[in-house]
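> Line order of the protein sequences matches chains A and B. -16 is the number of the first residue of the first sequence in the numbering used here; add one for each residue after it. 13 is the number of the first residue of the second sequence in the numbering used here; add one for each residue after it.
A hint or two may mislead.
Said to hold, decoys possible - Derived list of chain A stretches under chain B, where covered just means 3 residues or more per stretch with a C-beta under 8 Å from a C-beta of chain B: (1) 28 to 35; (2) 232 to 246.
Said to hold, decoys possible - With a Cα cut of at most 20 Å, we get these calculated PhoX-like pairs of lysine-lysine: (3) B/105 with A/264; (4) B/437 with B/328; (5) B/363 with A/66; (6) B/328 with B/363; (7) B/304 with B/341; (8) B/356 with B/304; (9) A/147 with B/341; (10) B/328 with B/304; (11) B/338 with B/437.
Just so you know, these hints were derived from the structure itself, not from any lab. Glycine residues also receive a C-beta, built at the ideal position from the N, C-alpha and C atoms.
Each chain is listed here by its residues.
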Amino acid sequence: MNTLWIILTGALVAASCGFLGCFLILRRMAMLGDAISHAVLPGIVLAFLVSGSRDTLPMLIGAMVAGLLTVFLIQSLHQSGVKTDAAIGVTFTALFSIGVVLVSLYTQQVDLDLDCVLYGEIAYVPWDTWQWGTMDMGPRAVWLIGGVFLLSLLTVGLFYKEIKLCSFDPAMAAAVGIPVLFFHYLLMGLVSLATVASFESVGAILVVAMLVVPAATAYLLTDRLPVMLFLSMGAGILSAGGGYLLATWLDSSIAGAMTAVAGLLFLLSFVFSPRYGLVAKALARRRFRYE
Amino acid sequence: MNVWMSLQDPNTQWVLFGCMLLGLSGGVLGSFAFLRGRSLMGDALAHAALPGVCLVYLLTGSKSVGLFLIGAAIAGLVATTCITAITRHTRIKEDTALAITLSVFFGIGIVLLTFIQHSPTGNQSGLDKFLFGQAASLVSGDVTQMIIVSIVLLSITTLLFKEFTLLTFDPGYGRGLGFPMGLLDSLLMLMLLTAVVIGLQAVGVVLMAAMLIAPAVTARYWTDRLSSMVILAGLFGALSGMLGTLFSTQVENLPTGPMIVLAATCFFLFSLLFSPRRGLLFRLLRFLRLRKTILEEDVLCALYEWFELSPAHFLKGCSPESLMEKSGKPLRTLRRALLALQRKGMVDYRKSGGEQPGWIFTAAGLQHAHQLILNQRLWDLYWMNEQQYQALSIDPNKGDFVGQLVPEQLAPILRDLDSYGLTPKLSAIPHPVITRIDQKRKGVSV
C-alpha cells in the first residue's frame, strides 16, 4: 500500500509539473522552476516566524506569496530592460540569500532544517496522513498535489485557446485583444502553486526536473501541443514508476532516482525520436546523400 | 567588535581576500557569459558538480578538496558537453537544455549521495558542506589555491581579450578571419567552470551563480564598452566580496556567502534605478522631457496652421478654445504648453482693446514654428513620393529634413511642395507689428 501511495504521489507531481512544463519550455522560461523552488525559502521562513508552527497552510501561503513575488520581480526586471536569464538569476539568488540569512539569524527560534524544507523526502509521504473526522483519508500530499493537478487541468482546459496563442505568438494574442500579461501571471501562478505544493513532500529537485525533462522529452516526439501535453504527462508518470523501482534496487533517494529515470527517458527520445532523434537524422542524411 | 578589530584577525584577512578574488574573477568571466546570454550557465555547472564529487568519493574514499575539485570539474565538463549537444542536435532551446542538465545531474548526484549514506562504509558528511559552501572556514591553503587560479584566469582573459570580444559579439566574422571560434568557446566555458568550482567551497551552489550574474549585469548599466564593462564587473564583484565579508563579521550567525550576494544585489538595484544612461529614474526623466518637447512643438504647429487658415486673426491672436478645436488636445494640457512656450518667448498673450484676447507668435516663435511646419510637410512630401527622391539618400531616422540637403537639392523639392499648395503660408520674416510688440514686451520686462 505504501509503495502505491509513493508512486501515486510521484506520478501526480510528474503529471501536474510535466503538463505545466510544456508551456514553460515553449515560452523559453525553463529555468523558472529552478528559480521558484529556491526563491520560496524566505517566504517559508517568514511564514514560520510569524505563525510559529510547522503547519502546512501558513508555509504554503508564505511559499506561494514568495513564488508569485519571484515571478513578478522577474517580469518587471525583464520589462525594464534586463535580459530574461539575467533577471531570473539575479532574482532567485537574492531571494534565496535573504532566506538563508533569515534562517541563520533566527536559528534559535527556527527549528527548520534546510535540507528538510527544500529536499523533502517522498518516502515519508504515506505516514503523513490526513484525518477527516475519524476517517483516515490517505496521505495529505496526495490530496494536496491531486488538488493542484485538477486545478491546473481545469484552468488550462478553460483557457486552452488563449494560453496556446499567448505561448506561440504573444504579439498576435495582444493584437486580437487577449490580456497576455494576465495569462502570463495565471500560468506562472499555477507553476508556483505546483512547485510549492510538490516540494514540501517530494523535494525541490524532483519538481525542477519534472517541470522540464518530461516536457522536453515530449517536445522531441511531436509537433502538436495537445499530443505534447499528454506525452509529457505520460513520460512523467513512467519516470515516477521507474524511479521507484530504481530507488528500491539501489536503496537510494526516491526523488533522485525518479529524476534520473526522467533523464534516461529524455536520452532515449534524444537518440531514437522518429523525427528529431539522432538516429533518424543520421538516416535521413544518408538517404539524402545516396539520392 | 568593530571593523578594524576584525580586520586584525589573520583568519578574517584570508576570508576577505579569498572572497574578493572570487568576486573579481566571477565578475570578469560573468561579463562574457552575460553578453553571450548564458548567465544561468554558472548555476547549471554548479549543480552538475554534485555527481562528480560523489563519484570521486565513491571511487577513492578520500575527502580531499583537491580531488573534489577535479571531480566537480569533470562533471561540469560532461554537463557542458550535454548542453551543447542538446542545443546543437535538437530544436530544444538553450534554457531548456540548461534546466534538463541541471536537474538530471543534480538528481543523479542525490541518488549517489543517498547511496553513499546508506552503504555500510559510507559517511556523506562533508560532501554537502562542500556544495553549500562555508566561506568562514576558508584557510590560507584554500586562498592560495584561489589566488593561483584567479591569476591564471585573469591573465588568460587579458591575453585573449581581443579574441573573446570577437567571440562575444560576432563569432561568424571571427570564423571568417580564421580564428578557432569553437576552441575559444570551449576555453571560455572551461574558465567559467574553473571559477565555479573554485567558488563552490566558499559560497556554495546557488550563490556562486549569483557571483557570475549580478556584477556583470550591474556593470552593463554603466558602460557600453566591453573593456570597461569587464573591469567594472570585476570591481563590483570584488567590492561585493569585501562588503559581504565585513558585514558578516559584525553580526553573529550571519553567513558570509549570502551577504556577499546581497551586497552584489544592492549594487545591482542601485544601478537599475540611478545609472545615468540606462537607469529607470533618468529614463523616466528623459521620457517626460521628450513628451514635453513634443507637446510644445505640436502646439506651435497647431497655432501656425490655425493662423494659416484664418490669417485675418494673425495680429488679434487665437483663443485657446479654437486652438483646442484645431489640435484636439485637452484645454488644460494646451494652457500648460502655452504658458511654457510663453516663458520661452515663443508665444505671447495679447489683449487688444475691446476684442477677445488671444495668443500670438513672437518673432522667434514664428520662425521656429515655420521651421517645424516646413520640416513636417517636407517629410510628408518625401513619404508620398519616396521613389522620386531616392537619389537624395536621405536618412529617414533623422528628424531634420532640411539640414540633410544642400540648397541646390532643396530647391526642386520646395517647388514640388508649392505645386501641392503646401508651402507654409506665413512668412518667417516677422511682421512689423510683431516686432513692435516684442520690443514693447522686452521694454516692459526690463
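> Each hint: holds or not?
Hint-by-hint comparison with the structure:
Coverage of the stretch 28 to 35 of chain A by chain B is violated. Counting CB-CB distances below 8 Å, 0 residues qualify, and the rule asks for three or more. For a cut-off of 8 Å, the count of residues in the stretch 232 to 246 of chain A with a CB near a CB of chain B stands at 12, and the three-residue condition holds. Under the criterion of a C-alpha separation no larger than 20 Å, the hint pairing residue 105 of chain B with residue 264 of chain A is consistent with the structure, at around 18 Å. For the proposed pair residue 437 of chain B and residue 328 of chain B, the alpha carbon gap of about 17 Å is at most 20 Å, so the pair holds.
The hinted pair formed by residue 363 of chain B and residue 66 of chain A fails the criterion: a straight-line CA distance of about 57 Å is larger than 20 Å. The hinted pair formed by residue 328 of chain B and residue 363 of chain B meets the criterion: a straight-line CA distance of about 8 Å does not exceed 20 Å. For the hint linking residue 304 of chain B to residue 341 of chain B, the alpha-carbon distance of about 13 Å falls within 20 Å, and the restraint holds. Between residue 356 of chain B and residue 304 of chain B the CA atoms are separated by roughly 13 Å; this keeps the pair inside 20 Å, and the hint holds.
Between residue 147 of chain A and residue 341 of chain B the alpha-carbon distance is near 40 Å, which puts this suggested pair outside the 20 Å criterion. Of the pairs offered as hints, the one joining residue 328 of chain B and residue 304 of chain B is violated, with about 27 Å between alpha carbons and a cut-off of 20 Å exceeded. About 17 Å separates the Cα atoms of residue 338 of chain B and residue 437 of chain B, which keeps this hinted pair within 20 Å; it holds.
Going down the numbered hints, you'll see the structure goes against 1, 5, 9 and 10, while the others check out.
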